[in-house]
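Enquirer: If you read the sequence shown in our numbering, its first letter stands for residue 354, the second for the next number, and so on.
Source of the hints: derived by calculation from the structure; they are not laboratory data.
Careful, some of the hints might be misleading.
[To be verified] The calculated label-pair distances, taken between Cβ atoms and stated as ranges, are: (1) T467 / I431: 33 to 41 Å; (2) T536 / S500: 43 to 51 Å; (3) D497 / S526: 39 to 47 Å; (4) R492 / R391: 18 to 26 Å; (5) P493 / W543: 33 to 41 Å; (6) C435 / R463: 17 to 25 Å; (7) S461 / L515: 42 to 50 Å; (8) S461 / Y439: 29 to 37 Å; (9) A432 / E494: 38 to 46 Å; (10) V409 / E494: 18 to 26 Å; (11) S358 / F507: 25 to 33 Å.
Every residue, glycine too, gets a C-beta built ideally from N, C-alpha and C.
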Amino acid sequence: MVTFSQLLPFAAIAFGLVLTPGPNMIYLLSRSLCQGRRAGFVSLSGVALGFIFYMVCAALGITALVMAVPLAYEALRIAGACYLLYMAWQAVFGGKSPFALRDLPPDSTRKLFTMGLLTNLLNPKAAVIYLTLLPQFIRPEQGDVLSQSLQLGFTQIAISMLVNGSLIFAAGSIAGFLARRPTWQKLQRWLMGTVLTGLAMRMLLEGRK
């Protein structure tokens with residue numbers, strides 16, 4: 354079973370990653386602003402399936418392999434920290450706000466779901482969660498690795514769905530608020546960049562103990 358000391362830092366990283374603008378957030382918010390909340394939530398269901406796919410792949414073998422090969426574990430730990438630093442850089446100096454309106458033509462329910470799924474499957478941030486972050490929070494001495502992988506994976510999915518669902522629901526209001534207050538956008542970027550940098554440094558320092 355996953356302990357609270359494992360779950361809390363993993364949840365913090367998952368929360369920080371989902372708040373960082375990326376392909377999923379940009380697509381979901383753009384779709385919600387152009388076609389409404391229903392389209393946003395249909396797209397989000399496709400994103401959720403993409404997370405489940407990555408989680409199952411990791412739980413069925415990748416995690417066990419990484420934990421069995423110390424060199425691979427260290428390489429993925431460093432890669433994960435470097436990716437967090439890259440996300441921090443993107444958060445501060447990256448492109449436009451995900452709340453900026455992007456013109457998207459109305460699509461059918463099937464296409465909305467498919468696009469949400471493909472956006473997540475092709476999203477490097479989704480892959481890095483399961484290939485570099487998840488293995489670091491699994492403790493083989495505490496029991497079944499598969500069970501721990503699934504618990505952590507579903508925790509990440511729940512956090513992602515809750516945060517993205519809230520953003521979809523309030524997309525119009527948030528976009529209007531930020532459009533009138535550009536300083537808030539800069540503060541949000543710097544805050545998220547600081548959080549991600551702190552998480553990356555924590556990963557690197559813990560690996561040296």
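Enquirer: Decide, hint by hint, whether the structure agrees.
Expert: Hint-by-hint comparison with the structure:
1. T467 / I431: 33 to 41 Å: At roughly 35 Å between Cβ atoms, I431 and T467 fall inside 33 to 41 Å, so the hint holds.
2. T536 / S500: 43 to 51 Å: Distance hint for T536, S500 holds at roughly 46 Å.
3. D497 / S526: 39 to 47 Å: The hint (39 to 47 Å, Cβ to Cβ) holds, given that D497 and S526 are roughly 44 Å apart.
4. R492 / R391: 18 to 26 Å: Violated, at about 42 Å.
5. P493 / W543: 33 to 41 Å: holds (39 Å)
6. C435 / R463: 17 to 25 Å: With Cβ atoms ~37 Å apart, the hint is violated.
7. S461 / L515: 42 to 50 Å: violated (26 Å)
8. S461 / Y439: 29 to 37 Å: Holds, since S461 and Y439 (Cβ atoms, about 35 Å apart) stay within the stated range.
9. A432 / E494: 38 to 46 Å: violated (24 Å)
10. V409 / E494: 18 to 26 Å: Holds: the Cβ-Cβ distance is about 24 Å, inside 18 to 26 Å.
11. S358 / F507: 25 to 33 Å: violated (18 Å)
Going down the numbered hints, you'll see the structure goes against 4, 6, 7, 9, 11, while the others check out.
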